[in-house]
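*Asks:* Residue numbers (this note's numbering), protein chains in the order written: chain A, 112 to 563; chain B, 8 to 489.
Worth double-checking, as some hints may not be accurate.
Stated by the list, open to error - Quick list of the computed label-pair ranges, beta carbon to beta carbon: (1) A:493 / B:19: 57 to 67 Å; (2) A:410 / B:324: 41 to 51 Å; (3) B:252 / A:372: 47 to 57 Å.
Stated by the list, open to error - Subject to a maximum C-alpha distance of 30 Å in a straight line, what follows is the list of computed BS3-like cross-link-like pairs (lysine-lysine): (4) A:317 / B:452; (5) B:127 / B:166; (6) B:166 / B:317; (7) B:127 / A:317; (8) A:317 / B:166; (9) B:10 / B:127.
Said to hold, decoys possible - Short derived list, chain A residues pointing at chain B, Cβ under 7 Å: (10) 445; (11) 447; (12) 476.
The hints are simulated quantities; they were obtained by calculation from the structure and are not laboratory data.
The beta-carbon is built from N, C-alpha and C at its ideal position, and this holds for glycine as well.
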Amino acid sequence: MSACEVAAVVDAALGASLATGDPVALEPYRLDGVAPRALVRPQTPEHVARMLALAAERGWAVVPWGRGHGQGCGDVPRRYDVALSLRRLDAIPDLDADNLTVTAEAGISLGELTQRLGERHLVLPLALGDGERTLGGLIAANRAGCKRLLYGDPRDLLLGLRVALPNGALVRYGRKVIKNVAGYDMPKLYLGSQGLLGVVVEATFKVQPLPDREGVLIAGFSGGPDAARAAQALFRSALGPACLMLLLGRAVQSLRRYPGLDVPEGRAVLVVAFDGRSAAVQRQMADAGRVLLAQSATGVAELPALAAETAAMLEDAAHGLHPEQPRVVLRLGVLPTQVADAMAQAVGTMNVPGTSFGAVGDYSAGRIDLLLTGEPHIGWERLDGRIHELRRAMGERGGSVVLAAAPRSLKAKVGVWGDLQGAGRIMQRIKAQLDPRQVLSPGRFLPDPAEG
Amino acid sequence: MSKRQILVPQLQRLLGADAVLHAEADRFVYAYDASVFRGTDVLAVVLPANTEQVAQVVRLAARHDVPIIARGAGTGINGGAVPRGDALVIEFSRMNRILAVEPDNRLAVMEPGVVNQDLKAHLSALGYGFTYVPDPGSQVVSTIGGNVGNNAGGMHCLKYGVTANHILGLQVVLADGEVVEVGGGSATRPGMDLTGLLVGSEGTLGVVTRITMRILPLPETVVTQLALFPDVSAAANAVSGIMAAGILPAALELLDRRMMALVDRFVHVGYPEHAGAALIIELDGLADGMDRELRRVAEICNAHAALEIKTAQSAAETERLWLSRRAAYGVAASFSPTVYVMDCTVPRNLLAQAIAGVIEICDARGLEVVNLAHAGDGNLHPLIPVDRANAAQAAAATEAHHEIMAMCVAMGGSITGEHGVGVEKQQELGLMYDADELAGMQAVKRALDPDGRCNPHKIFPLRGNVGDIAVGAASLDGGRLP
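Next comes chain A alone, as it looks inside the complex:
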């Protein structure tokens, strides 16, 4: 069936003109070089459900799309017929300020949601700084905000979901209440599910009133270990930082270029943020400043940045490095006390002539994003041995290494996810039960039992 025929079948089944097979329209939806046969842009949750039912019937493979920011994080698709864009589903059906909850459709951008909440003096603390990403993408990737230490991870704030299941059923799990133990906590299952178990069309989150005051400290250190020791001192204390981010390499250089920032000298930077009551923030900034200097900071700069600005700054530091150049992003997960060593080891292992690196570590999450840039002729696929070595080393500590972005040649050699062991087998069994026909993103995340 040709691309145009697929689109025609979809439009006929959905009873609306929602699909296209135009190669130009399909181009942005390529994954690792593979283009879909049709792009479908549903306008309602029911369209999404009907699309999945149709795909199940026809044996098509569907990949859900937000704005594509996280799509690099997936193995080369085994089959790919339909790119399902959620961007037209961008309404906010319910903003209940009295109950401190918001229900929004999956395709809304986090920037738009943040703005709409801000008009009511509210904030979804996950959405900071990633304005272009979508709510659905945040859920699929289980992406924590830079202030997770204070506000929690998506699992702490997500209350409910509306999902189109792979069999075409449109279901709702959870409610707009903060306590609910009726049946299985299905919304949690969808966090980090990479669009594999259904297409999230709507989500309900807890929101917060905007804090009275926010404050940010930027401390310079001679190297990563010193910065990590300072982070540990603050993490262990009764002070309640919202954010403890370590920056190394080009992430530090990027921060130095940020307008209006006076970043203290040193090869490593620690960004510490506080939110809350004015007096409490003031006291914490003063106490934390002393802790940082006692932990051999070269200097501490204070800036009264708004949360969104701080987050955007960190986002830039992590991801804004020469995006035009080929790059590899590794995401490591370790314990907080392992962050400094793991960062050093990752930088050491991946130190390839002709590349440069930037690293951002969220201390409390034990998450390190290591970004490598370099010239196209580097031959990224030759990094396979080093990635295996890093995975072995992190595996011995109980950690993980995900290839969050990479050229196809490298992905094909080492895989994106690493060995998920027993947990991976459980995920695979859940996938097989909820999506027996392998409609959603076959091959992109879990090994596909049906197709070997």
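Given the structure of chain A, go ahead and fit chain B onto it with the hints provided.
*Replies:* For chain B alone, coordinates are given in the frame of chain A:
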């Protein structure tokens, strides 16, 4: 030979004779938990000492196609640990070791048999200044494993979340005996949040044998206040006002007029008769700005017609206030043969309306009702004193329960906030979730437990009126759950 005769010697070989209970009196005890329900006679009760022994028991059960029920202290009130069918009970009182406490990583690792309160005492004795926050009412006896199985709540969920928010990773023995690790100390893990899925699954997806949890620094300051209001509605509106002002109290507990009167006979707080509702408000955090926040809370309460606001001035006064809340179940239980404890949630701003609805439903059936609520969470706990020997009253209570659950669901809430479904609310789960939604959950059950051996016939709706308090009453005379 009966299954018991076949299994007991094998279990004794695996675990040692003293780790297998199979005498009639022992089995009788394990037919019950803290609910009103009586289950079937169990095959045996095993007391494993480690994960490997649990896995051996589960594999043996699999070979003989015998259901398994993981059990903590049996304090659940919805019959989640009550056996159905010829089951083996796995009891965790010998797996109660705290394996690691790492304040630098804000985590602790333990076996499921650790008692919640014992863990807190242990953490306190270590002197690191860290604690484990979730504090279900049963914390003095209930185990961490049981708290995980039911995703237990408590008084401090408003600010700190429920058990699930504090559990980072689990070691689980699956129905086929495979031991797997999900989640872990690092918050950064690829893939689905399986830990979050398993917490609250009431032992129906596997047997948890090790728990990695988050511990948190103790707050610098804790202040407890009591605010009295003319009625529940004024108190509930004050709760919304406090939250809307950007104040996130550690706890916001509500008692209604009848509850205050009952409690005051035992714990002499001095609740005045003219007050219609009490709010116990706890604020915690840094000392800086706390005075201002306390003043703000008082202003908001006053704006909602508070009769009186006082701040506990001593540890003893604080303890008396909290005791008046924690003693509520015990006090209510002393007035009737049974207290039907209900647990449901509504959006926070609908709390007053929900409590009014509860009273109306009970009044219409001639039932007494006293109300407690985790007000900040929109979590109601109506308590209905019942004499189950009075069949008409028991039937009325069952009807009232169903109607209250339906009301909460219609208001956008849930049939259970922190106690779980167990056997009591299997039918009511159908009020919240339709056939497609239940099928999605059951697909997950099939994925992890394809033969349905882990705590079978729980959670999902069955035919027949399972959660009938009258059935529970009948069972006291030898009747059994269907």
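*Asks:* Taking only the CA atoms, is the gap from residue 317 (chain A) to residue 166 (chain B) under or equal to 30 Å?
*Replies:* This hinted pair holds, its Cα atoms lying about 12 Å apart.
*Asks:* Would you check whether residue 476 (chain A) satisfies its interface hint, that is, whether its CB is within less than 7 Å of any CB in chain B?
*Replies:* This hint holds: residue 476 (chain A) lies near chain B, its Cβ roughly 4 Å from the closest one there, short of 7 Å.
*Asks:* Using the beta carbons of residue 252 (chain B) and residue 372 (chain A), state whether their distance is inside 47 to 57 Å or not.
*Replies:* Violated: the Cβ-Cβ distance is about 33 Å, outside 47 to 57 Å.
*Asks:* Mind checking the alpha carbons of residue 166 (chain B) and residue 317 (chain B) for me, to see if they're no more than 30 Å apart?
*Replies:* Answer holds: residue 166 (chain B) to residue 317 (chain B) is near 22 Å, not above 30 Å.
*Asks:* Take a quick look at whether residue 127 (chain B) and residue 166 (chain B) sit within 30 Å of each other, Cα to Cα.
*Replies:* holds, 18 Å
*Asks:* Taking the Cβ atom of residue 410 (chain A) and the Cβ atom of residue 324 (chain B), is their distance within the range 41 to 51 Å?
*Replies:* This hint holds: roughly 47 Å between Cβ atoms.
*Asks:* Does the Cβ-Cβ separation between residue 493 (chain A) and residue 19 (chain B) fall within 57 to 67 Å?
*Replies:* holds, 59 Å
*Asks:* Can you verify the interface hint for residue 447 (chain A): is its Cβ closer than 7 Å to any Cβ in chain B?
*Replies:* At 5 Å from the nearest chain B Cβ, residue 447 (chain A) passes the 7 Å test, so the hint holds.
*Asks:* Is residue 10 (chain B) within 30 Å of residue 127 (chain B), Cα to Cα?
*Replies:* violated, 41 Å
*Asks:* Double-check residue 445 (chain A) for me: the hint is only fine if its C-beta lies closer than 7 Å to a C-beta in chain B.
*Replies:* With a closest approach of 6 Å, the residue 445 (chain A) hint holds.
*Asks:* Are residue 127 (chain B) and residue 317 (chain A) close enough, with their CA atoms no more than 30 Å apart?
*Replies:* Holds, at roughly 28 Å.
*Asks:* Would the hint linking residue 317 (chain A) and residue 452 (chain B) be met if the CA-CA limit is 30 Å?
*Replies:* Satisfied, since the Cα-Cα distance of roughly 28 Å is no more than 30 Å.
The structure is inconsistent with the numbered hints 3 and 9, although it conforms to all the rest.
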